[in-house]
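Enquirer: Throw the hints in and build the complete structure from the sequences for me.
2 protein chains.
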Amino acid sequence: TIVRVLEEQESKEQPLVGKHVLITAGPTQESVDPVRFFTNHSSGKMGYAIARQAADLGASVTLVSGPVSLDTPPGVKRIDVVSAEDMYEAVLNEMESADVIIKAAAVADYRPKETYSSKMKKQEGPLTLQFERTKDILKEVGKRRREGQFIVGFAAETDEPVRYGQEKMERKRLDAIVVNDISAEGAGFKGDTNVVTYLNRNGKQEAYPLLTKDDVARRLLLSIATDLKGE
Amino acid sequence: TIVRVLEEQESKEQPLVGKHVLITAGPTQESVDPVRFFTNHSSGKMGYAIARQAADLGASVTLVSGPVSLDTPPGVKRIDVVSAEDMYEAVLNEMESADVIIKAAAVADYRPKETYSSKMKKQEGPLTLQFERTKDILKEVGKRRREGQFIVGFAAETDEPVRYGQEKMERKRLDAIVVNDISAEGAGFKGDTNVVTYLNRNGKQEAYPLLTKDDVARRLLLSIATDLKGE
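Protein chains in written order, with the working numbering: chain R, 1 to 231; chain V, 1 to 231.
Since the hints were derived computationally from the structure, they do not count as laboratory data. Since this is a predicted model, take the numbers as computed values, not measurements. Hints are not guaranteed to be accurate.
Calculated cross-link-like contacts (lysine to aspartate or glutamate; reagent style EDC-like; alpha-carbon spacing at most 20 Å) [claimed, not checked]:
(1) K172(V) x E124(R)
(2) K121(R) x E160(V)
(3) K139(V) x E96(V)
Expert: This is the structure:
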């Protein structure tokens, strides 16, 4: 009936209608040669869950994704990248129109100083590789942010995640940060659940229970929507 | 009809009935810390195709697999490993009963000298990492081989693959080697096709055309079955 349809529409919160949400997800790969590379255990599941839920909450969503084996959520614009350098370029290209930027990707901090175009031959004995820092995407986003943009970082840590997260939020001038202790039961990169704490710059600290990544994503986005309105 | 069933059975070659084939597949991951690791672009598709076709050709198949996102082929016993060290242990444990050993895995040659149990913190400026050689699985398999075992290596190269493959076959005392030029069109790690050359120690050199990995696998196994009978 018409009444039922209206009730259902009403019960479906869509607090992100009219908002453009830019999300990064997955790992990056930093090549040593055409065969070997340096990467991390990010599966992309957390970032993809945020993209899916943001679209469901009415946002227009752009997802900048490192190499993962996940399907693009319905209605999401996906841009594939490989290296930290690629991700840096893509985020800076896309950030202008974004109202919310959520950096869930696990971008490599270091990359090999030299990349060989042919496969490196093995040699006897040990090998020393030089690494250099990759560009700091969040820092650059913080510099270029315009009035009204809301920037959310992630901190996946094994030691004192909340303390480290607060420090990172200040250092990078974020509006909020999501910290997780990847050594905790049910948390971390590969599983379908996560245990996170949402911190914002006004001192809010919300520790979520163990939830599926989709439920974590939904709660995060509702917290972000509340914080957006509060500004 | 009965005649048709018999014809079909006859037309289905099963030259590997009664043979135990041990196959390695996929990359290995070598940890720097709980988050970061060193790996390579092997998808495991070639090794999995060999496992699937070997089972189809009647063999009893054991597949020692690095981290990949592929389903275990029907009837195949799969043993999952992460690092080169794990793969070394698994292959040595399993090799005794194998008639044919096919090393399709892209095992890391190097691993970080130190593995940190907590996530390494970023620091300013460059980073130097020390790497050490991993154990040479093929070399150890060559040492421990027993009479009648047939050992097949792979060489994925970007430069002069056939010349390098012949040299590797001799150095590691292999019965045969499959070489592919991963820089060639339609060859390499990620796709569903491959272009390979089969070399054996009697000087046979078979260059296959561009084929799906399943067709490459089937031809390889038929070549191996022929070489096995010839011994």
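Enquirer: Does each hint fit the structure? Answer for all of them.
Expert: Here's how the hints hold up against the structure:
no.	hint	in the structure
1	K172(V) x E124(R)	15 Å, holds
2	K121(R) x E160(V)	12 Å, holds
3	K139(V) x E96(V)	15 Å, holds
In terms of the numbered hints stated before, the structure departs from none.
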